[in-house]
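Peer 1: Add chain H to chain V, keeping to what the hints say.
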Amino acid sequence: MGGKMKKIPVTSVTADAAVYSAEALRLAAFVFSDKAEAVIKPVKGGFQVSFRNEVPGFHPGDYFNEALNQQCRLDLAKKNSKAAGMIATKALLSAAGEAGKKA
Amino acid sequence: MALKKAAKRTEPSGPPQLLWRRDGAECLVTNDFGHYAWLKRKDFDLLLAGRLGEKHPAYAALADKGFIRDRLDFDGLAAKWRSKNAYLNSGPGLHILVLTLRCNHKCLYCQSSAAGVGSKDTDMSAATAKKCVDFAFQSPNPGITIEFQGGEPLLNWEALKAAVLHARAKAKKAGKDLRLALVSNFSLMTEEKAQFLMENEVSICTSLDGPADLHNRNRVFCGGNSHAATVKWLKFFQARHARQVPEYRVFKPSALLTVSRYSLGRHKEIIDEYVKAGLEDIFIRPLAPIGYAKNLWGQIGYDAKAFGKFYLESLDYILKLNRAGVTLREKMASMMLDKIINSRDPGYLDARCPCGAAIGQIAYNYNGDLYTCDEGRMVGWEGDDAFKIGNVRKDPYRKVMTSGAARACVLSSNLESQPDCARCAYKPYCGVCPVYNYETQGSLWGDMAVNDRCGLFKGTFGALFAMLKKPANEAILKKWVAK
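Read top to bottom, the protein sequences are chains V and H. All residue numbers for the first sequence refer to the numbering used here, where the first residue is 1 and numbers rise by one. All residue numbers for the second sequence refer to the numbering used here, where the first residue is 104 and numbers rise by one.
Here chain V stands alone, though its shape is the one from the complex (with noise of 0.2 Å):
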């Protein structure tokens, strides 16, 4: 102890608010829980994505292509959340034996 901290190399990344939303940041931040730590600040205009403890291999590039993946899947639910809605609902209720019955 007293002596210096060893430094830890962290790998920063800046993502464009107008691309990614922070909840699709840190959906992609679970996915790759088990690849890197990623540490999601908000900058002016944007996020800064931060990556520590990461495994050999892990590229910040896959981890945006996932921030996109789920950015998408985002603005896909604001449009079809309804036919989606009404199709899963139809499905677990029928398999439920509960479909027909009032509510």
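Hints are supplied without guarantee of correctness; some may be wrong.
From the structure, some residues in chain V lie toward chain H, with a derived Cβ separation under 10 Å [unchecked claim]:
1) Val31
2) Asp34
3) Ala91
No wet-lab data here; the hints were simulated from the structure. Even for Gly, the Cβ is constructed at its ideal location relative to N, Cα and C.
Peer 2: The following block gives chain H in isolation, referenced to the frame of chain V:
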């Protein structure tokens, strides 16, 4: 069929909902009702712009299929959608009972992550097997299939026998349409067991990976020759199927092909082996990096492109044999074609929206634990119970069906919520697998842009649509799904 009268147009409009895919100088267009059409690029542009006139030669056919906004037959199209998606109303029809984790084979690609023959506490008790049957009968589905799997299910004959007899008695009382199926490697089959299975109308399915050297390389059996046992019992059940008796129905046996890296390039020999064995269907299944296969992926695995090549070569060869008078169908293609040509649901749970996890099938582990599907059970065997939906002894049916894992699978496999899938031309016929996504990409949703299973399905659909364009092929393929 007479064209529906045009609706009064208030402003120039494009087509109703449609999905499309470019293929050279043509475009494939599809819609949620399951209809499809090939259009030349200039006609596709006219359709998009809402300028495809009534006198255009493609107009009537496109109107009939729901591609012309002013000519939509809402009642007819809605009926089509309902029939195509009838499974949304039915509940789980497939109930997979894993009677034991023990197996006397050590197949390289085993997804079941089977245990050794001497393993303890890995057999389902007869009492649990009966509980599982009772649970299966709680499904609102009027027709249920109970499939006995393992491990090697014949290693737990007592539980198998108890479950079969209990299910048959229960079906009589409940008035449900019951199908029983056994998936076995046949190494422990005897005439006595075979007789019991036939008398109780249990259909039989096995694995046949091709000629003896290839089959035995994939399906390692220390106790003998796996290929020889498979072929011997296939012939036995075929002979019994050929001379039916009035008391019960004997089903034709079927076989599954699992493609390992060793199979690549040997499609002709494999298919010839099926023909030689008297089989009329071949189910060409790709490996998935789950279970043992995950650990040996570098040795036996391959990418979607390699499988796609193998699959296409196989289809071409099967069609060539068909033209020469040989009866043989590829099962995955048949199921996809049934959707494309007949707008029917063939019961292929892997290609549904949402997928069959929990709402279409349940996997019952040897200890009564319930999983969304057999693949989900295998993930559980690796120590991750993300797909566990309950236990047959502890949890009531409704609780299982509304469990977190069941809901998560339904939501994540809904193609309307999947980027890429939602606008893919193959969406009306396709489905995603949350377990595959979870295992390979770390989330239930996955990322279809770089998903190998998606690549594989796209390749298969692409090949089938291309084949359907050729009248000679189309005639043969239509026969595959004519009922």
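Peer 1: Hint by hint, note whether the structure agrees.
Peer 2: Going through the hints against the structure:
Taking 10 Å as the C-beta cut-off, the interface hint given for Val31/V holds, the closest approach to chain H being about 5 Å. About 7 Å separates the beta-carbon of Asp34/V from the nearest beta-carbon of chain H, less than 10 Å, and the hint is met. Taking 10 Å as the C-beta contact cut-off toward chain H, the hint placing Ala91/V at the interface holds, the least distance being around 5 Å.
This entry satisfies every hint, going by the numbered hints stated previously.
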